[in-house]
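Engineer: For reference, the chains in residue letters:
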Amino acid sequence: MQAFDLYAILPELVLLVVACLLLVASVYVPERQPATPGVEQDIFHTPRGVGFVYFFTIILLVYLILAFVARMDDVSVVAMNGLFQSDPLSNLLKACSCGAVLISLIYSKQYLMDRAIFRPDFIVLALLALLGQFVLISGANLLTLYLGLELMALPTYALVAMRHNNEKSVEAAIKYFILGALASGFLLYGMSMLYGVTGSLDLIEIFRTVADPRVNHLVMAFGLVFIVSGLAFKLGVVPFHMWVPDVYQGAPTAVTLMIAAAPKLAAFALLFRLLVNTLLPLMGDWQPMLLILAVLSLVIGNITAIAQTNIKRMLAYSAIAQMGFVLLGMLSVFDDHAYSASTFYVITYVLTTLGSFGLLMMLSRKGHDCETIDDLKGLNKRHPWFAFIGLVMMFSLAGIPPTVGFAAKLGILEALVDGEHTFLAVVAVIASLIGAFYYLRVVKVMYFDEPKAEHAAEISGSGFARGLLSLNAILVLALGIFPAGLMAVCLDAMRRTLLGS
Amino acid sequence: MILSFSIWIPILFGLIILFYGSEKPTAGVRWLALVGSVLGFIATLPLVIEFDIANPGMQFVEKMSWIPRYDINYHLGVDGISVWFIVLTAFINVLVVVAAWEVIDKKVSQYMASFLILSGLMIGVFAALDALLFYVFFEATLIPMYIIIGVWGGHNRIYAAFKFFLYTLLGSLLTLIAMLYLYNVTNTFDILAWHNARLDIVEQVLLFFAFFMAFAVKVPMWPLHTWLPDVHVEAPTGGSIVLAAIMLKLGAYGFLRFSLPIAPDASQFLGPFIIFLSLVAVIYVGAVALVQKDMKKLVAYSSVAHMGFVTLGFFLFSPLGIEGGIVQMISHGFVAGAMFLSIGVLYDRMHTRQIADYGGVVHRMPAFTAFAVLMAMANCGLPATSGFVGEFMVILAAVDYDFVIGILAATALILSAAYSLWMVKRVFFGAITNAHVEELKDLNAREYFMMAVLSICVIGMGVYPKPVTDIIHPAVINLLQHVAVSKL
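Chains E and H supply the protein sequences, listed in that same order.
Here my numbering is used: the first residue of the first sequence is 203, the next is one more, and so on.
Here my numbering is used: the first residue of the second sequence is 124, the next is one more, and so on.
Keep in mind the hints are simulated off the structure, nothing from the lab.
Heads up, some of the hints might be wrong.
Stated by the list, open to error - Keeping only pairs whose Cα atoms sit at most 20 Å apart, straight-line, the calculated EDC-like set for lysine to aspartate or glutamate is:
#1 H:K286 / E:D651
#2 H:K229 / E:E652
#3 E:K654 / E:E573
#4 E:K583 / H:D228
#5 H:K229 / E:D651
#6 E:K583 / E:E652
What the hints assert, rightly or not - Pairwise CB distance ranges (calculated):
#7 H:I579 / E:S672: 42 to 48 Å
#8 E:L218 / H:N307: 45 to 51 Å
#9 E:F258 / H:T149: 47 to 53 Å
#10 E:G486 / H:N307: 22 to 28 Å
#11 H:D323 / E:S672: 46 to 52 Å
What the hints assert, rightly or not - What the simulated footprint calls covered on chain E by chain H, stretch by stretch (three residues with Cβ under 8 Å from a Cβ of chain H suffice, anywhere in the stretch; the number is not a length):
#12 385-396
#13 594-607
#14 627-640
It should be emphasised that the depicted structure is a prediction, and the values quoted were computed from it without experimental measurement.
A virtual CB, placed ideally from N, CA and C, is assigned to each residue, including glycine.
All chains should be built: construct the whole structure from the sequences, respecting the hints.
Structural biologist: Listed below in structure tokens is the structure:
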């Protein structure tokens, strides 16, 4: 191994080592119930031991974010004998997923403490899932991609089952595990076909071979079907979406956030690496598949969401529809603008998701989860500022200006019209109109309905977490009004990555 | 910077009030809102005072890069068409704040903030020269209006709020696609550059319909008007005033800024179709207004009919017709605003809007009746009121275009006279019908002030419309040059 290789994987190494050390250290943490429930807690004031793990995790994540931001200007490099690649896009996505995990942890602290699952293993599992995302984002070989995917998935199965005495959680965990394993199987099967045809696991090598007319196209197309199905499972798009609502609903909200936010970035990276970076010559085969998946997700996701009364389920169907939008961005013919529009979409979607689930957690308290739409009734009367945060998140998900959701949808629609898919743009627009209905209903419940007496709950969460949630909402609004900066970052990263590959 | 000030002063005050906010009604919030709206109004005055009549192009232009990735700019400017609407918006905003003074007692800060922010956004729509900036402002107005209807509205307010939001969103989303299409053809979002874009007839017709969806819903044109009566009935007085006086104009303004100059051939080609729809609005909806039992619904239908006049004027493609349409829009802003205000005055006292619950109001509220009758007269286009000027210009242009259309348009005068005067007769005149009317008190100083100001505007514009038309004229001629030149 060269020194250069070490530099490339340094953040991953640090994360791995620290996660392992924290795992060992956590063995010595005594099982303890949290301090008096309902009492305001500041961020680092937690039961001893867990607080230690938590504290180091926060520092680690901040370090990682800074490390990736500092690397943003680096050129693309392939390290570890072609197993691992570090390029501007991967640095951007990794910085964002670190940020997402960091924010998730801060939002969920009080929630987890109230439910007595704020334990070191929770934090360590989250870190290991993050490591999986890193490997996935940087995979330059089918094997690394697969390893990363499994490393990301396994800790999340355990996280979903964290409330092991809760029937719904366990059911969700089993469902998630079985379907996830099935999806992995699909993906692996597709990859093995690809290997069989091209004789290589290396993405660059495959890229070179795939274009070769002597390669058996039929087998490759067959493998591609499995790969796309596996990807669709991981992204949670129709018709491979069945696990999404159940897992979102069944998992504790803190875990839902862990599944809903950062992994989307990794799944997008996987999509980009496999389809665009590697199988671009097969574009004529995978684009129609993506098109069908995208349209189905948009239509079915949005229509089904209307019928939901549980807000976590509703957000799950909304996620399905939003992923449909991301797929639409991949339909253009090798266009850095379109791909960067998808990147922008995913990043801002994750930001909005953090805010929406963060709000749900802060509205939950011990013994009561804020789960149904009715739980939000009259929020404006009780906490106008938090109602406003909810309003910003909902309008952003619906894509109404001046929130960032609009800027994101604008980019995708522009890419579609530019790629002469105007008809698809119209379909997407009509689907979002249907979607607007259920987002609006949440705003309606918060603003127009009378609060129920039993919901006169205080906002839980430390002052720091609340401040961060406010900042999150302001960012969603500010990025909507001034999207140019982030757009430029995404475009730059995408452009240099494409050039480098 | 005048345009930026006009947009951002009310929005800034709105935000301050929102954060200052308190649940209890406090005088501070009201005064702050008043100061904000008055400052916002004052900020727009230089637009009229310093307006260069000789210059038919855009004035007070501001341009800054906003999203360079798509060449989207913060690009503002006004011509003779838009300048009046900006002043009107700021002016109506002051009245709305005053109208809410004692009437609104729950969530005062949110109410005032919504209206101030809404006013800034609407000014932004009229001032935007970048299509995407236009779109952002156009869409963003939905959020405060949705909240205004839903929080302070009547019993069925939630249904109305949803209907309003989804109807308008459907229209504007298709417009967004049209804008993206034009961006791909021209590589810019500059509206003025689009006026010169070359497009074949199929493209033009498709674009025309995409724009038509947004603007026709907003105007609203028959048969897309069904949301308006529902929304008016449920909206609080201020919401109705802003909706009728300004928001409907956003749609009509869109026709002038987008549909006509960007797709001139399609406009000419589809002109008869739009004229047909407009005439249906004028005659059929006018007849529908006649049978309404609820005063607000009656005025709402009358608004649809009057806006039908506006679109009729636009699609006659003559300077007289378009100017008449614009004058009609401004006049309708005053008149419909005043009528909704009058209904609000009655509603605050009696808590009913049913015509049948009134009768003989004149005996208890003589001053109010005088104003209300004046507004009813203006609504049916009596000479020397602002209502006459616009309608007369449009009818004249229509007769010029086609005699039959002229005659059909003129029936509007009869219909509007019928429903306005019949309502006046049933509500204000005759003997006092019940004990509640017996107890009515005449206008207080605040209400008197508002009615008086609006009356001055209505009569002033009716007697001497020249200052208004002088500013409009060069811009309309300029616009018609684009419409006259075929792009094929």
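Engineer: Each hint should be assessed against the structure and marked as holding or not.
Structural biologist: To see whether the hints hold, each was checked on the structure:
1. As the CA atoms of H:K286 and E:D651 are separated by approximately 17 Å, the hinted pair is consistent with the 20 Å bound.
2. For the hint linking H:K229 to E:E652, the alpha-carbon distance of about 13 Å falls within 20 Å, and the restraint holds.
3. Between the alpha carbons of E:K654 and E:E573 the distance comes to roughly 14 Å, so the proposed pair stays at or under 20 Å and holds.
4. For the hint pairing E:K583 with H:D228, the CA-to-CA distance comes to about 14 Å; that is within 20 Å, so the pair holds.
5. For the suggested pair H:K229 and E:D651, the alpha carbons sit about 14 Å apart, so the restraint of at most 20 Å is met.
6. Note on E:K583 and E:E652: the hinted pairing holds, with a Cα-Cα distance of about 8 Å set against a maximum of 20 Å.
7. One distance hint, 42 to 48 Å for the beta-carbon pair H:I579 and E:S672, holds here, with the actual separation near 46 Å.
8. Separation of E:L218 from H:N307 is about 47 Å and conforms to the stated range, judged on CB atoms against 45 to 51 Å.
9. At about 48 Å, the beta-carbon gap between E:F258 and H:T149 stays in the expected band of 47 to 53 Å.
10. Between E:G486 and H:N307, the C-beta spacing of about 23 Å keeps the proposed range 22 to 28 Å intact.
11. In this structure the supplied range 46 to 52 Å holds for H:D323 paired with E:S672, their Cβ-Cβ distance being about 51 Å.
12. Check on the segment 385-396 of chain E: 0 of its residues sit with their Cβ under 8 Å from a Cβ of chain H, so the three-residue criterion for coverage is violated.
13. Counting residues of the segment 594-607 of chain E whose beta carbon lies closer than 8 Å to any beta carbon of chain H gives 4, which meets the minimum of three for the stated coverage.
14. With 8 residues bearing a CB less than 8 Å from a CB of chain H, the segment 627-640 of chain E meets the requirement of three and the coverage assertion stands.
Consistency with the previously given hints fails for number 12 only.
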